[in-house]
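Enquirer: Protein chains in written order, with numbering that gives the first Met the number 0: chain L, 0 to 658; chain Y, 0 to 160; chain V, 0 to 337.
Just so you know, these hints were derived from the structure itself, not from any lab.
It should be emphasised that the depicted structure is a prediction, and the values quoted were computed from it without experimental measurement.
Check each hint, because a few of them may be wrong.
[Stated by the list, open to error] Label-pair distances were calculated between CB atoms; the ranges are:
hint : chain 1 : residue 1 : chain 2 : residue 2 : range
1    : L       : Val562    : Y       : Gly84     : 27 to 37 Å
2    : L       : Val562    : V       : Ala91     : 49 to 59 Å
3    : L       : Gly551    : V       : Ala91     : 32 to 42 Å
[Claimed, not checked] Lysine-lysine pairs mimicking BS3-like chemistry, simulated, CA-CA at most 27 Å apart:
hint : chain 1 : residue 1 : chain 2 : residue 2
4    : L       : Lys97     : L       : Lys112
5    : L       : Lys112    : V       : Lys54
6    : V       : Lys168    : Y       : Lys49
[What the hints assert, rightly or not] Partial selection, computed: residues in chain L whose CB lies under 7 Å from chain Y:
hint : residue
7    : Pro52
8    : Phe357
9    : Lys361
10   : Tyr631
11   : Gly641
Where a beta carbon is used, it is the ideal one built from N, C-alpha and C, also for glycine.
Single-letter residue listing:
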Amino acid sequence: MLRPARMCKIDFLIPEESKSKLMETLHKESVAQVEFLNDSYLDEKKLERDQPPERVTEISKLLLRLRKIIDLLSRFEPKVDKNLIEDILSVDRTEKTKSEHLTYEQAIKRAEKVLEKCEDRIDEISKRLYEIESKRTGLSDKIRSYEKFEELNFNLDHLEESGYVHTIIGMMPHTELLEFQKKMKEKFGKEFVFVEGASFSTKKSVSICVMKNRREDLDAIIREFGFERMRIEGTGNIKHIVANLRGELKDIGAEHKDLETELKGFYDKDYREFLITEEILDIEKERNEIFISCGKTQKTVHMRLWAVKEDFEKVENLVKKETNNVYVMDEDLDPEDAPIKLKNPKIFQPFEGLIKLFALPKYNEIDPTVLMAPTFCLFFGIMLTDAMYGLFLIIAGAVIWKTLSKYTDSAKSGGIIIIGCGIAAIFFGVLTGSYFGDMFAVDLFNSTPQEIAIFMDPMYGSNAMTFLLIFMAMGFVHLFAGYFFGAYDSIRRGDKKKALTHYIAWYVFVGGLGIAALTFFPAEAPLLPEFFVYIGAVVALAGFGLLFWGTGFMTLIDLIGIVGSTLSYARLLAMGLTTAGIAMSFNFLARMSLAIPYVGIILAPIVFISGHLINILINSLGAFVHSLRLHYVENFGTFYEGGGVEFKPFREKRRYTYV
Amino acid sequence: MAFEEVLITFFSGNVLGAIGAAVAIALAGLSSAKGLEIAGNTAAGATGEKEENFSSALILQAMPQTQVIYAFIIGILIILGIMAGNMTIEKGFLSLFAGLAVGITGVSAVNQGKVASASIGAAAKNSSIKGKVLIFVVMPEIAALFGFVVAIMVLIAGSVF
Amino acid sequence: MKKTKDSAYAYAYGVVSSMTGKLVDEKTYDELARFRSVEEVLAFMEGTDYEHEIKKVVGKTIRIKDVENALKSHFIRVYEEIVSSIPDTDRAEFNKVILEGFRSENLKVVIRGIHSGLGSEKIIETLETSMDSKLMAELAESKDLEEFTEKLEGTEYHYVTKEELEKYKETGDLLPLENAIDKHLVNSWSKISCIEIKEFTDIRTDMINIMTILRCKISDIPAKDYVIYGGTLKEHLKEIEKGDVKDVLSSLDKTSYGGVAREAMNEYEKTGSLVTLEGKMESDVMKYLKENAMLKPLGISSIMLFINAKRREVKNLNTIIVCKHYDIPAEEIKEILM
């Protein structure tokens, strides 16, 4: 409970022939972690690094092809919008299909069959779709520029040079049309034809026709104006050309739709099969690539496994079976350092995640989960302080637990943590008379929170000061509890000196100061006679000496640290007050809106509900983060360092299947 | 109202105390906001690239809030003093300077925000140190802590509340 | 001159740090080197950020050229993502400095390639990832440096002129050509207004000058014409460029570059190759960036360091893939990796 699970380290030397079967079994049983043997170790033992068997190439080839198809079809996947809670808890609603363990040959066959069925066609379709897309863009652009001239309704064959005349078409800004026509009249008199077509934002389509021999004159005038010349491909009437293009676009669009439908057909029929096959291949690949972590000689393979101590026999039996009892084993049942698997009673397991967030303990270090769980909920409750909010949290936690736990493991943990925090919040709400802030007190009981509080209301009179002292005292105790556990941990590790100079010394030091102080407090009738001051001073000095012996001049910094850390707990009061303060303001607003005639009856509950909802959310987040901070920074600073590496057993990753 | 009356009211215990509370929360509040902004930007960048960074980034980002919490408490204590009704001019001035003490040291939240930002980045690069970098982020708070202590002691010494 | 504001770079810093965390590490390079085939490596890369680009080039058949291009376009995508996270005020300058730097490097690679007669395909292979691949490909096809200079003059990057070409023809030394490119690069930095970027370009200018001077002394060419006034060494340059190698080194001892220069010269004497000299100077710029990034993480240096690291990663992955294609054993691959 207070230590990570005990592990065992087992080195195996097995014949080359058994390695694949063994790894397969280990993979299925997910009972051991395969350690990556580093280069220096291999050199030392005169081993070479093992290589994945050749079959990995085949697996990889198939995987690449499979993934390409999956990627092409993934566009048909329905968009799943997870809400925030589901996101944080990593909810995964995919249905799992029952499957069985496949051998390598079976896996390959399955993949090849699946690919054979559709790969070529899907590849063709995607290529064609790509071509269609680019053609479509090209056509749309053309149509867009050409359709501006449809109204002019002329024949392209008549453009440019023809018989006696020279015709051009283009776009000209509205503002220049009159000016242009004037200039043309000047230069050409009546020998030109100017037709205006449709308007498009600032420009108009125009067509201009002059005598063939006056072409250069026209070009000269054109250059002075903002004339955008158009070149259109094709022959015949422009209307026909545009109509043809439009027809082509429609056909291509229809083809695109057909192909997409065909693709969707593949998706509906086989997508799941693709995903399952990919998963199977991935499992095979992992199973074969793991050999990179092992060492080898000509005929044997050397691997190092980690397992929970209780599983030692199981692992040995597995190896016995898969190698036909041909193996060499070297076990260390009491290693100095090992990967970390936390082991705590069920009710505390949800809080392991909070430890992981900071740092896992080292193998021989104390596991603070059970220490953190109650105080985390306690501080959260203090910072939220409201009985009704606490009730809301309990309900929310239970709902999350019940509805989401089949989709993700974190739902149960999250639910339990929230319920724990909710209980603490109810406790402190009742103590301080906070039920939706001052709502119960004022509106239901016609009283004040101070009256209905079991203890006292921090917002009343100078109670805040009392609470401040209480919370700082709480913090002080929390810190010194840390020293206690630090001492316990050191003694258990056999480092008695450290226990004395780093932890117990603090008790001595503060104890001495306490004794001395009690000769002054309480001011009227000190609890201890005067000469105890000297005893207290001596004890304190002894304590200081021990500290100095242990940590040298750092002791002074640590002293300041203690003062700082204790004061940091003042935030408990601050956060609690903010919750109460905001609740009070929203109650006030709700009361005011109730007074409004007619709409008040509807407006008041809206203000009330939304206000308190906002309050719960914001202050829960704050309480969560600051409670964590008090543990990580102030509390853990006294006795916990962490730095362990997580135990990750070699196991199959299944999302779409189960066996 | 005659100018003299305004002056007398302005320099009364209650008003001076209120100014102290206001200054404290204003300076610390703005600084915390700035610190949270800097750290928040980095947290957003780090989480956008890799979602696993979210939880450690969140905790690190929340660190610069301490300064405004300290100022808030000093503010409340001053207000308690005002509500108690015996705020002399001397107590008013003491409250004003207590407020300044915690407010100006509260500007350390901006610096803390920068350290928090750098720490979020470091944790994003190497997730095994995400617990250790908390220690770095706590350091700039020491200044605000001393400001808080001085402010409280001033208020106690003057029996403000 | 404007100072970079911490808060402005906070977002970019977050993005770059996360990306740094995702870079391939030593152990993974080890594993990749030991994979049996290109397909395995690609299957691995599909689980990383490279997925986006790799997906497009896999299929029943895999062409190595396509994979190499996919890697290059991945780098470009990541680069553009980073640049877009930099605050608007500095973005254009930053982008310009980096891109100009890439361009100069590539031009030098092309010049050296043409000079040694490598052939356009080989030259294109050795080019750094950049945005001007079409231009470089065209330049690489020049049969000689004369054609190269002509082609270059037709573009907006007419850094090298007939004058430098003549000098090259006289001496057979590439220095005049490369120096012309360097001169242009340094001049493009003269208008920079962001202090941090300016500090970086100053260091670069110093490195370029030191490199040029040492090179001149080694080949016994007068250094005067090739020194570019600027950087932090500015006035000292006149003194530094006098004398022979020994004199240069002792003048540099009075600056902060003394140690680096001596080390670089030692390396050079071992291998006799100018490339090692360049490599040493380059690594010193990286050292400067690293120190600066530690002092001021919310700034340009961390970003530049990452871009460099990403370039190296792309190069390494490219090496691994190509080596796997030609069945080169793991030990040899590990030697080539950077």
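Enquirer: Is the straight-line distance between the alpha-carbon of Lys168 (chain V) and that of Lys49 (chain Y) 27 Å or less?
Expert: violated (54 Å)
Enquirer: If you check the beta carbons of Gly551 (chain L) and Ala91 (chain V), does the distance land in 32 to 42 Å?
Expert: violated (54 Å)
Enquirer: Given the hint of 49 to 59 Å, check if Val562 (chain L) and Ala91 (chain V) actually sit that far apart at their C-beta atoms.
Expert: holds (51 Å)
Enquirer: Hint check: Lys97 (chain L) vs Lys112 (chain L), CA-CA at most 27 Å. Holds or violated?
Expert: holds (20 Å)
Enquirer: Does the structure keep Lys112 (chain L) and Lys54 (chain V) at a Cα separation of 27 Å or less?
Expert: holds (22 Å)
Enquirer: Holds or violated: is the Cβ of Tyr631 (chain L) closer than 7 Å to a Cβ in chain Y?
Expert: The hint holds - Tyr631 (chain L) has a Cβ within 7 Å of chain Y, the shortest such distance being about 6 Å.
Enquirer: Given a cut of 7 Å on the nearest C-beta pair, is the interface hint for Pro52 (chain L) held or broken against chain Y?
Expert: Violated, because the Cβ-Cβ distance from Pro52 (chain L) to chain Y comes to roughly 32 Å (cut-off 7 Å).
Enquirer: Per the CB criterion, is Phe357 (chain L) less than 7 Å away from chain Y?
Expert: Given a least distance of 4 Å, the restraint on Phe357 (chain L) holds.
Enquirer: Does Gly641 (chain L) meet its interface restraint, that is, does its C-beta lie within less than 7 Å of any C-beta in chain Y?
Expert: With a minimum Cβ separation of about 6 Å from chain Y (threshold 7 Å), the hint on Gly641 (chain L) holds.
Enquirer: Given Lys361 (chain L) as an interface hint, is the shortest Cβ-Cβ distance to chain Y below 7 Å?
Expert: Hint on Lys361 (chain L): violated, closest Cβ of chain Y at ~12 Å, above 7 Å.
Enquirer: Just to be sure I understand the hint, the distance between the Cβ atoms of Val562 (chain L) and Gly84 (chain Y) should be within 27 to 37 Å; is that true here?
Expert: holds (32 Å)
The structure fails hints 3, 6, 7, 9 (numbered hints given earlier, in ascending order).
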